[in-house]
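*Asks:* Turn these sequences into a full structure, and let the hints guide you.
Now for the letters of each chain:
2 protein chains.
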Amino acid sequence: MTRTHSIKTGERRGLMFVLSSPSGAGKSTLSRMLIEKTPGMRMSVSVTTRAKRPGEVDGKHYHFIGKEEFDAMVKNRELLEHAAVFDHHYGTPRKPVEDALAAGEDVLFDIDWQGTQQLREKARDDVVSVFILPPSAEDLEQRLHTRAQDSESVIRGRMSRATHELSHWAEYDYVVVNSDLGTAFGEVETILRAERLKRERQTGLSAFVRALQDQLQR
Amino acid sequence: MTRTHSIKTGERRGLMFVLSSPSGAGKSTLSRMLIEKTPGMRMSVSVTTRAKRPGEVDGKHYHFIGKEEFDAMVKNRELLEHAAVFDHHYGTPRKPVEDALAAGEDVLFDIDWQGTQQLREKARDDVVSVFILPPSAEDLEQRLHTRAQDSESVIRGRMSRATHELSHWAEYDYVVVNSDLGTAFGEVETILRAERLKRERQTGLSAFVRALQDQLQR
Chain X
0 MTRTHSIKTG ERRGLMFVLS SPSGAGKSTL SRMLIEKTPG MRMSVSVTTR
50 AKRPGEVDGK HYHFIGKEEF DAMVKNRELL EHAAVFDHHY GTPRKPVEDA
100 LAAGEDVLFD IDWQGTQQLR EKARDDVVSV FILPPSAEDL EQRLHTRAQD
150 SESVIRGRMS RATHELSHWA EYDYVVVNSD LGTAFGEVET ILRAERLKRE
200 RQTGLSAFVR ALQDQLQR
Chain V
0 MTRTHSIKTG ERRGLMFVLS SPSGAGKSTL SRMLIEKTPG MRMSVSVTTR
50 AKRPGEVDGK HYHFIGKEEF DAMVKNRELL EHAAVFDHHY GTPRKPVEDA
100 LAAGEDVLFD IDWQGTQQLR EKARDDVVSV FILPPSAEDL EQRLHTRAQD
150 SESVIRGRMS RATHELSHWA EYDYVVVNSD LGTAFGEVET ILRAERLKRE
200 RQTGLSAFVR ALQDQLQR
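In order, the protein sequences belong to chains X and V. Sequential numbering of the first sequence, starting at 0, is according to numbering that gives the first Met the number 0. Sequential numbering of the second sequence, starting at 0, is according to numbering that gives the first Met the number 0.
Calculated from the structure, these hints are not laboratory results. Mixed in with the good hints, there may be bad ones.
Computed list of lysine-lysine pairs in DSSO-like fashion (alpha-carbon distance at most 27 Å, straight line) [stated by the list, open to error]:
#1 V:Lys66 - V:Lys36
#2 X:Lys121 - V:Lys197
#3 X:Lys36 - V:Lys66
#4 X:Lys197 - V:Lys121
#5 X:Lys36 - X:Lys59
#6 V:Lys197 - X:Lys197
#7 X:Lys197 - V:Lys36
Not the full set, but computed from the structure, chain V residues with beta-carbon under 7 Å of chain X [as the list claims (entries may be wrong)]:
#8 His81
#9 Val84
#10 Val153
#11 Ile154
#12 Gly156
#13 Arg160
#14 Trp168
#15 Tyr171
#16 Val174
#17 Leu211
Sample of chain V residues facing chain X (criterion: CB under 7 Å; computed from the structure) [stated by the list, open to error]:
#18 Ile34
#19 Ala136
#20 Met158
#21 Thr162
#22 Leu165
#23 Tyr173
#24 Thr189
#25 Ile190
#26 Ala193
#27 Lys197
#28 Arg198
#29 Gln201
#30 Arg209
The beta carbon of each residue, even a glycine, is placed where N, CA and C say it ideally should be.
*Replies:* Right, here's the structure in full:
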């Protein structure tokens, strides 16, 4: 990805890039590709109250914290979004995101529609949201089968959840259909590059244009 | 430019793509490149009351019409925007634009900030506006010199107009700095491709998702 002129003409404000999809539509793969291939983009690291699993690294996969600390963060409005899944709590700390945006870095969020709604409420102008659709029901079903050693009834449950998740596509700014991973990644990257060219994100432009005008009027 | 999945998943609504800049910043060259290289993009052809010049083709460069016909179009709201330059009147007919958008074609407008303001008032959600900035005052001055055999005072007048035009950059959705023509064209193309992926322009998605959900619930 080439760097934009905004770098040369001045500062830019980062953006919050949200990818959502029903599980099995390729969102996690696309997220990983974005982080690997895109300079100036980092993953948001959530806090969670659940126990660390083997192979997970504190501060990389999650920040593992206690329930009291989590509750304090909620109370002090230190989380941009949070949710409970079964007995465990998850949330996105606000400060690292705001620091990144101010430094001109983009932050990637791999979250569901409920998290996206909360982000939008807290930071509308900074949020760019993309919904990833599977190309067909067969494709989705196949991907859910391939990666799970679960019973048919568990997979049925997942399909039902996917159906519900799908119903939220219309709350997103952009929609990408993941028929082909390379094409879908190109489209996601195109959206990111275009959003970086939005006027309000190129924070050095006022000064740049003022300098141009001064020179023209000499 | 590759065709997007929106074609496969259903219909798309075209968009009104507006390029504006002070004269000399490369807008006309970028417009020509876009029309030549972008399938599904056409130029808006204006009506004008001025006389046809040598080499101009009626219906291609302009639709040449009389003042009475022009006034009737204004009165009947058949123009999306119009303006007077000296004694001549110019305007954008509404119908060909609306037909193109409904057919999934994009329409390119090479107009100034006054025309852009009128377009936005009439068709906000369909308008995507890009302001092209010159990389420096020297560059702009040089381009205005190169293409004109005019006197220093005429060029001074043009510079002063350019300064005024520049002041409207902040009314546009996107800003591209034209330091290098190839890079600037890539950025303009990226903006167009991303805007085609906007949810509300992929008009076949509701039906596509409904079909997906039906299949998942079988």
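*Asks:* For each hint given before, does the structure comply? Return the numbers of the non-compliant ones in rising order.
*Replies:* 1, 3, 8, 9, 10, 11, 12, 13, 18 and 30
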